[in-house]
Amino acid sequence: MKNKKFFILICLIFLFSFTPILNAQEDESSEKELKWSGYFQTDNRLLLENGNKFSWKEYRLDLKAEVKPLEKVHFYSELWVRSLGFSNVQSSIDLVDRNKISPWDLVIKEAYVDLLGVVSDNIDIRIGKQRVAWGTGDKLNPTDNLNPNDLEDIWDFGRHLGSDGIKISFYPGDFTIVLVYFPQFTPSILPLGDLAAALSPSGDLPDGIIVGNLSDKIILPENNIKEGSITGIKVSKSILDFDLSLSYVHTRDSLPLLNKSVLTPTAIPGTVDIYSELIFPELNIVGADLAGALGQIGVWAEVAVTFPEEIMMISDLTSLGMGMFDSIALDNKPYVKYVIGADYTFKNGIYLNFQYLHGFVHERGAENLEDYFMFGMEWELMDKKIKIMPLTGGIEIKDFKDLKNNYAFIYSPSITFKPIDNIEISLGIRLLDGKDSTVFGKVKDLDEVFFGLKFNF
Amino acid sequence: MKKITVLSLIIFSISIFLSQGLSANNQISALQILEKADNVINAPKDQALTIKLVLIDKKGKEKIRKMSMLQKGSDKRIVKFLSPADQKGIAFLSLPKDVMYFYLPAFKKVRRIASHVKNTKFAGTDFSYEDMEAIRFADKYNSKLLKTEENAYVLQLDPKKGIKTEYSKLIMWVRTDNFYPVMIEHYNKGKKLYKIMRRSKIEKINEYWISKESEMEDLRKKHKTKMIISDVKFDSNLSDAKFSKRYLSR
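So the sequences go chain by chain: Z and X.
Under the numbering used here, the residues of the first sequence are numbered 1 to 457, in order.
Under the numbering used here, the residues of the second sequence are numbered 1 to 250, in order.
Rather than coming from a laboratory, the hints here were simulated on the basis of the structure.
Do not take every clue at face value.
What the hints assert, rightly or not - Below, simulated BS3-like cross-link-like pairs (lysine-lysine); rule was C-alpha separation at most 27 Å, straight line:
| no. | chain 1 | residue 1 | chain 2 | residue 2 |
| --- | --- | --- | --- | --- |
| 1 | X | K76 | X | K245 |
| 2 | Z | K139 | X | K59 |
| 3 | Z | K454 | X | K63 |
| 4 | X | K164 | Z | K109 |
| 5 | X | K191 | X | K169 |
| 6 | Z | K347 | X | K164 |
| 7 | X | K245 | Z | K385 |
| 8 | X | K140 | Z | K384 |
| 9 | X | K76 | Z | K454 |
| 10 | Z | K139 | Z | K129 |
| 11 | X | K63 | Z | K72 |
| 12 | Z | K454 | X | K61 |
Stated by the list, open to error - From the structure, some residues in chain Z lie toward chain X, with a derived Cβ separation under 7 Å:
| no. | residue |
| --- | --- |
| 13 | E31 |
| 14 | K35 |
| 15 | R131 |
| 16 | A133 |
| 17 | E152 |
| 18 | D243 |
| 19 | S245 |
| 20 | A293 |
| 21 | Q296 |
| 22 | Y335 |
| 23 | T345 |
| 24 | N422 |
| 25 | S426 |
| 26 | F457 |
What the hints assert, rightly or not - Label pairs and their calculated CB-CB ranges:
| no. | chain 1 | residue 1 | chain 2 | residue 2 | range |
| --- | --- | --- | --- | --- | --- |
| 27 | Z | E31 | X | K52 | 37 to 45 Å |
| 28 | Z | D433 | X | S200 | 24 to 32 Å |
| 29 | X | P105 | Z | D164 | 55 to 63 Å |
| 30 | X | G60 | Z | N368 | 34 to 42 Å |
| 31 | Z | D216 | X | E62 | 53 to 61 Å |
All residues carry an ideal CB built from backbone N, CA and C; glycine is no exception.
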């Protein structure tokens, strides 16, 4: 009976919520028509070594559809239709499989409905698959933790997956309060191909032991409200010359963490099979960010304090006659990631950007956070027809105390040519070097040239 | 004889009155002219426009951009790009006290514009972000009447102390009949003339004067941007809420 009353109440709330929509004054006819836009983009990359192998091939059609059928209702969707990767034909039977010959995929980036000031003038509601981008940093955002990371292409910093859920934005006075609720947990997409090495943890085995088969099991959280849902709140306000925000997110790490390993001997002496289990630890993240100017220079800062749950790691070596060992996979001590940045544009069109990041997206625990100095320079010439980026890259420092053995760098100059509106042709090179202990040092053999075309419509 | 004397006195009095009136008109101060100009260009309570920007390079090649613009009073303005496709959805909000934001749909983020951006070109046009701000000149500049031409007052505007601007001075031509500013010369920090804005097709719509076509010319780069205004709507009671970060991202 109680449930029935609750259900009726919910129905009534919805009914009243939608009544103003039905009564809302209709907008001009142009906004009521479905509008299509998007882009077509090619992205090809060629390794400088390893026999000049192609390392990436992506032909992406981005399609956006948007309509505002009523003054207070807005629908938006964005899809990617992609030809991604190379032919993956292993045997003659694969030659009848179109997807193996020419792999393609369809990605729903976002699809949502906005109810703008429907429930109350000061409340906007967004329901559906959506991207909620928090943080003031330039593509490096420690407080951007609601959507899972899309690390498929690690050079496309800041890319995230859309999440299904609801976002409610309130605007009381000068404040903006945003509440987000995503009912289900979604893991991150990990880097594709050779780039996977960059984010892979390095594990040590006792001397003389060789790994045979590797297998693992990903244990997703229970698909219920308690275990799988993600919630967030952000309060923003402008004070003096700065925009400030405070945020809190309850989520799970969208990158898996190893919490169990079972080593089993094989028939070949000295060789073991390894079976692993990976989970997604629960995290509570308190964040703050600001953006503004110091004199003529644009500045921003972002800090996220993560309170993780403690995760134990079980190493099961019983089959090797060595018993079971416990260790801490993730300490419950809070750790702090942050980014500070600044930018400046000179009168001649040269744009400079610098960021210092402490803690990359996959790093966890205070002792494991590294430092990254990222920089960029853009120079637009010939009425913006040519954009030169001669100084784009970054330096990674894993340990300042032993700099010689703990550094890496990326240097990626490029040039973009816009012969006419909506068409962009780009060419660049990415050079990597560093020590194997570092994120980018692990992929130092993947120096590449990249070239692409983008057509907007 | 008596009649003639009285008539002479009347004529003399009228002449004195007229001459005083004319001299008072001649003595209209630079500040009064500038305030009147501010009042004329910002007269509507609010305005909604569609803007076509024609970018013309030194070879005469043209590029077209389209935007919608809303303005309330003299200090709130929101501009949204409608075309070309690679700029569609980019939006720009100008608020009082030099506060500006832009919205980049690709990143789903509203970002405050630092002052270094204000001096740069607005979307490749010859207008800077500063030029696109909604302002009252009298609030930012001290004025000096340089001369009065047949149809225009010529004012020199010098930035007030503490005002951040890319210009060392402006020379403004203000029409004598309706106080509409028809031409502004922009001088850079090196005190060299480098941009000229010319306003034409000045029409009265309802009770308000508006220039339906203006042109900003960069003399150094020999590049021009024409701004052609259409779909003008005045006083449609735009709410303050439309000039907010909330609306910028819609």
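Hints, one by one, checked against the model:
no., hint, result
1, X:K76 - X:K245, "holds, 12 Å"
2, Z:K139 - X:K59, "violated, 38 Å"
3, Z:K454 - X:K63, "holds, 18 Å"
4, X:K164 - Z:K109, "violated, 42 Å"
5, X:K191 - X:K169, "holds, 7 Å"
6, Z:K347 - X:K164, "holds, 15 Å"
7, X:K245 - Z:K385, "violated, 30 Å"
8, X:K140 - Z:K384, "violated, 31 Å"
9, X:K76 - Z:K454, "violated, 35 Å"
10, Z:K139 - Z:K129, "holds, 21 Å"
11, X:K63 - Z:K72, "violated, 34 Å"
12, Z:K454 - X:K61, "holds, 22 Å"
13, E31, "violated, 11 Å"
14, K35, "violated, 9 Å"
15, R131, "holds, 6 Å"
16, A133, "holds, 5 Å"
17, E152, "violated, 18 Å"
18, D243, "holds, 5 Å"
19, S245, "violated, 12 Å"
20, A293, "holds, 4 Å"
21, Q296, "holds, 5 Å"
22, Y335, "violated, 26 Å"
23, T345, "holds, 5 Å"
24, N422, "holds, 5 Å"
25, S426, "violated, 13 Å"
26, F457, "holds, 5 Å"
27, Z:E31 - X:K52: 37 to 45 Å, "violated, 19 Å"
28, Z:D433 - X:S200: 24 to 32 Å, "violated, 59 Å"
29, X:P105 - Z:D164: 55 to 63 Å, "violated, 21 Å"
30, X:G60 - Z:N368: 34 to 42 Å, "violated, 60 Å"
31, Z:D216 - X:E62: 53 to 61 Å, "holds, 60 Å"
Violated hints, in rising order: 2, 4, 7, 8, 9, 11, 13, 14, 17, 19, 22, 25, 27, 28, 29, 30; the structure is consistent with all others.
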